[in-house]
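What follows is the residue order along each chain.
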Amino acid sequence: MNTSHLLFWFLTALSILSALMMVTSRNPVHSVLWLVLVFFSISGHYILLNAQFLAIVNMIVYAGAIMVLFLFVIMLMNTQSDAEPHHGNRMRLAGTLAGGSLLLVLVAALRESELRSLQVSAPEGNIGLVARLGSILFTDYVVPFELSSVLFLSAMVGAVMIGKRH
Amino acid sequence: MPINYYLFLSLALFSIGVAGVLARRNALIVFMCIELMLNAVNLLLVAFSRMHHTAAVLLDPTSKAGAEAQILVFFIMVVAAAEVTVGLAIIVMLYRNIRSVDINFLNRLKY
Numbered sequence: 001m002n003t004s005h006l007l008f009w010f011l012t013a014l015s016i017l018s019a020l021m022m023v024t025s026r027n028p029v030h031s032v033l034w035l036v037l038v039f040f041s042i043s044g045h046y047i048l049l050n051a052q053f054l055a056i057v058n059m060i061v062y063a064g065a066i067m068v069l070f071l072f073v074i075m076l077m078n079t080q081s082d083a084e085p086h087h088g089n090r091m092r093l094a095g096t097l098a099g100g101s102l103l104l105v106l107v108a109a110l111r112e113s114e115l116r117s118l119q120v121s122a123p124e125g126n127i128g129l130v131a132r133l134g135s136i137l138f139t140d141y142v143v144p145f146e147l148s149s150v151l152f153l154s155a156m157v158g159a160v161m162i163g164k165r166h
Numbered sequence: 001m002p003i004n005y006y007l008f009l010s011l012a013l014f015s016i017g018v019a020g021v022l023a024r025r026n027a028l029i030v031f032m033c034i035e036l037m038l039n040a041v042n043l044l045l046v047a048f049s050r051m052h053h054t055a056a057v058l059l060d061p062t063s064k065a066g067a068e069a070q071i072l073v074f075f076i077m078v079v080a081a082a083e084v085t086v087g088l089a090i091i092v093m094l095y096r097n098i099r100s101v102d103i104n105f106l107n108r109l110k111y
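These protein sequence lines map, in sequence, to chains R and G.
If you use the numbering used here, the first sequence closes out at 166, no skipped numbers anywhere.
If you use the numbering used here, the second sequence closes out at 111, no skipped numbers anywhere.
Chain G extracted, bound-state conformation (with noise of 0.2 Å):
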């Protein structure tokens, strides 16, 4: 399997995710849009590495590189789970003070 075919299905995924964020008006499909496209960075990181560990084996067959890049994708959930965590908490104290989840009305930050 080319490495290519990875790196087109993460950009497809990535170009969903950006054109969501600017096309939906709603905040948490936003906010969803963008875990998406932190999932399709996360998994050409891991294909990346996936490729690395091939070439890595074909020098030395006892070759074990490639796991580090798995545990920067973990730390990388670990973050985006603190993140949504706030984020969603951002979003429920918006919808209590405009009653509404609609991102057109966030152009004043203060009111």
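Here chain R stands alone, though its shape is the one from the complex (with noise of 0.2 Å):
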């Protein structure tokens, strides 16, 4: 057991308990906090698995952009923590059947999977540097890179659109 199994762990463990309790709160604000959270965990999986670039746009993109505007949403509606009226908890229950099902169904088909032999080895390597792939992002893939640009375009259009008081 090294270092990086012990991380694997960690990280792990706090990837799930903070999806459910991201699940779980009843207060809006602290979901999104939660959530922070998973995103932080889940770049650390991304360095663990030799994804540098990736683990900071994570945190840079996710963590910090959307996680912001996430929480000015929650601001700018001034929702009260009981805003979410109480259903009872048949829907709740319902919910929870369904996913733990689907869990359960996923795991027992993939659990005598030929992926067991499959290893991933521990971190080592440039593969994920941003010098590596931004030479493959501007040579191979530069058709779609810049078809990205347009998209943001038509995204920021179409949320002033939408968002606009009529």
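Since the hints were derived computationally from the structure, they do not count as laboratory data.
Ideal Cβ positions, reconstructed from N, Cα and C, are used throughout, including at glycine.
Example chain R residues on the side facing chain G (calculated, C-beta under 10 Å, incomplete):
id: 1; residue: Leu106
id: 2; residue: Leu133
id: 3; residue: Met156
id: 4; residue: Met161
The two chains are supplied separately, each in an independent frame; assemble them into the complex guided by the hints.
Printed below as a string of structure tokens:
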């Protein structure tokens, strides 16, 4: 049991615990903060998987930008913590049962798969560094990269059009 | 580290997201659960790319296989960022019209 194994188990426990807290907490602001913790632990997993650039992008884009956007929207709406009316526990029980059944079916289907013998090696090498990914991005994938700017422009125009007060 | 552990971690996060989408009524929290599901799939893609790289290095020690999947995850993050802006704009418009973010009020899409 070396350091990367210990880190893996710590990050796994942290991500699952924070995801559960995100789903179950009643206050939406608390949910956002737990989700930020989930994203940070997933970034830690990316570093362990030798995807350093993706870890930094995940922290900046998800934990930084998107979650701050969520927080702004929640504070803009000024919803109370008990804004969610009580619907009884039937809906909640049904959702939990459905999610648990999905997990059970998928785990049971994939438990005996051939993947068990395949290993993910320790973090080494430079495959996830920004120099390597940038050279691929600007040679082989330059057309999708430029198209994503058009996507962002259309998303920006769409958000302004939808959010505009008529 | 066997790839199974990453597979089961991603499945657990995805199932928590599905349970949250089905159980919660707050539109913002439903949207956050969708983001959680997207991230679970991203994590699985990165783990599989690492597995592919590990297998390719055994054959050719100078192999650079596996970087394309990280590019794919990068593009998924780009699309997710665009999707979140439009989705939050829709939720803000919804709140402005019906003064609530409860998705039970959305059973008639017109009013």
